[in-house]
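J.: Residue numbers (this note's numbering), protein chains in the order written: chain B, 1 to 436; chain X, 1 to 274.
Honestly, I wouldn't trust all of these hints.
[Unchecked claim] Per the computed footprint, the stretches of chain X lying under chain B, defined by three or more beta-carbons under 8 Å from a beta-carbon of chain B, are:
#1 83-97
#2 130-144
#3 212-224
#4 230-240
It is worth saying that the hints were derived from the structure and are not from the lab.
Quantities reported herein were computed from a predicted structural model and do not represent experimental measurements.
For each residue, glycine too, the CB sits at the ideal point set by N, CA and C.
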Amino acid sequence: MNLKTFLLGTCSAVVIAGFAQAETLTIATVNNGDMVRMQGLTDDFTKANPDIQLEWVTLEENVLRERVTTDIATKGGQYDVLTIGTYEVPIWAKQGWLLPLDNLGADYDVDDLLPAIRSGLTVDGKLYAAPFYGESSFIMYRKDLMEKAGLTMPDAPTWEFIGEAARKMTDRTADISGICLRGKAGWGENMAFLTATSNAFGARWFDENWKPQFDQPEWKNTLDMYVKLMNDAGPQGASSNGFNENLALFQQGKCGMWIDATVAASFVTNPKDSTVADKVGFALAPDTGLGKRGNWLWAWSLGVPAGTQKAEAAQKFVSWATSKHYLDLVAEKEGWANVPPGTRSSLYANPEYQKAAPFAKMTLDSINAADPTKPTVKPVPYVGVQFVAIPEFQGLGTTVGQLFSAALAGQMSVDDALAQAQQVTTREMTRGGYIK
Amino acid sequence: MARAVSTRRTAAFTIAAWIVALIIFFPILYTIITSFKSETEAIQGFSLIPSGTVESYVDVQTQKDYFKPFMNSVILSVGSTLLALLISVPAAWSMAFSPTKKTKDVLMWMLSTKMMPAVAVLVPIYLIFRDFGLLDSRLGLTFMLTMINLPIVIWMLYTYFREIPGEILEAARMDGASLWGEIIYVLTPMAVPGIASTMLLNIILAWNEAFWTIRLTTTNAAPLTAFIASFSSPQGLFWAKLSAASTLAIAPILIMGWFSQKQLVRGLTFGAVK
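Isolated chain X, as found in the complex (with noise of 0.2 Å):
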């Protein structure tokens, strides 16, 4: 009877969690179906079947060019994130194992500058890069969405350096490790998990990052998220287009998260259990 109950429930849990991922996928999922509509059909109203025309990727590419932008996303989502990590965990660590009294405040304000919205800084940034020469570069780029990515990533990282138990390192120290010593071969190896999904969820970030992307490119560094915004229009019928364009900017995010999400859940759910 117990065994029939629990598995009724698992049954249920299994449905609900069907239902919960097919809400939060549905979005993405009729993206790619009205991409494979005509524009007429795409703004008809709502069907799940489409006629499966490919006009609007051969309208797409023949529009624009996906390599270029395709190729800065890559370009800023893994450079912010290689930058983000080098800051960030020696940051994490030093919170981690030698907190202060003033800690959970530095902490709280980093995390509170996220809560600022972006665009009431939009003219003092764009006048910084201005100055510097670095509107539409990719180092200028590169370096905004590191820094702000930066909190979340520290944040993530203190979470998971804090489950660490500090003996061990202490053991290293009392071994003779120097600090860099004692980072890379002692911390870093134990947290790995926890900075892969940081990593992986700094890309993720950094590769939908939609507000900066836009405002700080012309040409030469706009990524995907400029590649999508282009297709959108006052008078004509755009809908199929911007579909088939969104899919293939999301396609390669989709299929990294596909293959690292083992690596992902493992990270996000790191002490979660004690």
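Bound-form chain B, shown alone (with noise of 0.2 Å):
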């Protein structure tokens, strides 16, 4: 052998070794229960495509969100697929952050998805994120305690009736709050509540002008009935409850009734976790007889960021854990009742679904009565249930949920804290160029 046939040969081994190394996906992920479980189950991935490797980056949901903001801004492209959810996706789809979805596949069969979740994650008629798991909210309640104050719950209770049941379930003295709902500050915790419980009052943030709208009735009303609620069929120190707190008091049996995320269902009914599994019914979010029900939408997806190298796999990878073959397989390993739920039309037409997962007729007529196209009574000029699609909706959310905790928890009146939302709230839209 010659030197330039060893050359030659050198050079060819390197290319080829190039070409077959294999390409490496780093996926930025929130640490909740589903995205952990696909963590295990990549295996089925990689093996249908050995020339893609997956990398994980898990984070508290904040800090994911800052971080993964920081890298899109600057164009880092140090992430090639990225967990959001339905706030972001039209704020970032808009600015051009991320890429639409539209290589996953002949056999994805997008018309299957749900088309509430479908239209939050669409802009100008393009999918920008796949959903992995949906969620609405709705009330978790116990049965026997509903039994035992002498009421049967309506698949469609209104607030009055909610009302009445929590205060007829409470029992101090066996520590049984007839009602747990968030109280924790952040535009992610009570504001998710309370904007989705504002809407069936005939709330809105803003009206079509964009000006605040806390000085109105219908917050007034949402509020003073949430503190009174809360005051008189409440746990204690409810002001610093969020989902984990008010799920750990409902699975101990302290909560008579738990409105919140449809996805804590399986949770409350797990007998591993939940003393009070087989006591649990489901019934749609209340309402006041305004034509909208205070349930929200959300869903935790997975979108292309427009910076990375690496579209194509990453688009492989979407496809993969939003397809209805990943939840054959997660039913497989790990049974019907822990598949991803709220994205598909086809899951919910499945007998074995519909017969491990009891809430899941009621997650889905959640989900269907969400609209975050028209999420108020009266007319608004932003898209979203339980937030605003804006991007000052982040910081203006927190601060007004602040308040509004104060309130629940004592330090202030609902005036008080309604009249410096509106104060906040208009400066921070004044300042954004919203207001002229």
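If you follow the hints, you should be able to join the two separate chains into one complex; please do so.
T.: Shown next, in the form of structure tokens:
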């Protein structure tokens, strides 16, 4: 072998090795049960795609949001797949930060995605993120305590009924609160619940000219009802309770009712963690007869950032993780009850899923009842049921959330909280150029 | 009588010291206790008696690889400390033994950089790291940790060096020692306790740094701070798992601190009594 042949051979080997080298996708995600489960099942994907390796970055929700925003805005290109919610998708898609998902494969069946969820992830007719699991909110209640109170929960109750039931179910000596609701300040904590609830009371964040509406009677009715109900029938220290704290209280049998994310249904009916697993009933979020229910809409979704160099592989992964095949895979390995809910119509038509998940129908009805494009009784200039899809909302929602949490804790009156919310929101919206 | 009073006073001081120490140590102790609880127990309310389950440790070990972030933490904290010493020993020497009119101003300026909130320079630093290809690299992060701890390291060494009589260095110079000979063979051995405690403190600061280590890394260079952050969950109970991850992350530095506490205390009180 002469030198020329040797060099040629070496070069070819290097080139072939370069091509054969696996592409590594970096996926940013949150530490929710369904995401953790997916990380354990990725062998199925890497076996079918041996040229793609997966690396995971798991962070706390707010840190993840900040981290991903910095990277995407500076075109850092650190991530190839992002876990984002329905709040970010319309904003980021309009900024050109996300790639449209137009290459999900022939058998993806995009029409099988639940219409409400799909519309929340679609901008100008293009899908910018694929839903990994979707949720609305509904009522989880203790059937035994409801019966003891001499009441029957209708499928679609009113706030009046919920108030009456909560007060009757409360038994302070047995440490049982009639109702557990979010009180911890944050745009994704108490404001998710209160914004969605305010829709049922005919309230809205802004009118058509972006003028804040906290000085209107609808918001006063919402907050008055919430604070009074929680004082009469809520748990101690409710102003620091979020999803996890209420989950623990409900699982320990200390709540008569809990209105929160539909995804909680699988936690409270799991006998391994919940002491009341066989006593839980479900109903739609309450209304006041004005035509809107207080149920939100959210989907933890997978998107591909515009800065990635591996768009094709990234879409391949997104397609796998949000496919019908993935739902079947989870069902096969971990049972139907553990399948990520709220994304596909076919799942809800599946009799095996219906059998394993007693909350399936109510989850589907709740998701279908939410309309992010027309979330309120009166017209609004924004989309989003429990949020307003503008970049300023994170800061605004948290500030207003702190005021409402203070009202719940008794540190200020409902009127003062609303007046300050109006003042802060007007100032920020003027500064942001929304109010001319 | 006098002896009784002094014994009583000593006892009172000892008790007070123990109480203060317990208050300072309590958050760490409670984290360790919580790590031995189940998730439901952990969120139930204050309790000092755990059920003793190790399920959180098992979950943490099965969910995430501990070794890689641990090695990253070791490399970043030791690397940044050595680099910081390399820069700060000569810097502190020049300021302690050849001060100029502006030395105090320079020292104050260096310290003032620590007063700026880190988030204020997040985007510029991120852009610099991106352009130099340093995002998610150990090299970039070592440099970053060196820079953020450098003011404290220089200040500490400057304080220690000032306690060393200049005459000894002059004598070395008269005996023909070169500048580096003076620093390496005369100054450094005399300042060993100070340098050692500065090193230890810098390792602890670098090990615990969570702002930049989370924001400038993804997978390759992510240390134990990112490992801890990955166990927080918006939907699902996580306190026990988070406590177990925290305990695993702080254990090495706690053990190191325990073994080196004599050196640390000696260094920190160096020059306190003349």
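J.: Quick one: which hint numbers does this structure break? Sort them smallest to largest.
T.: Of the numbered hints, just 1 does not hold.
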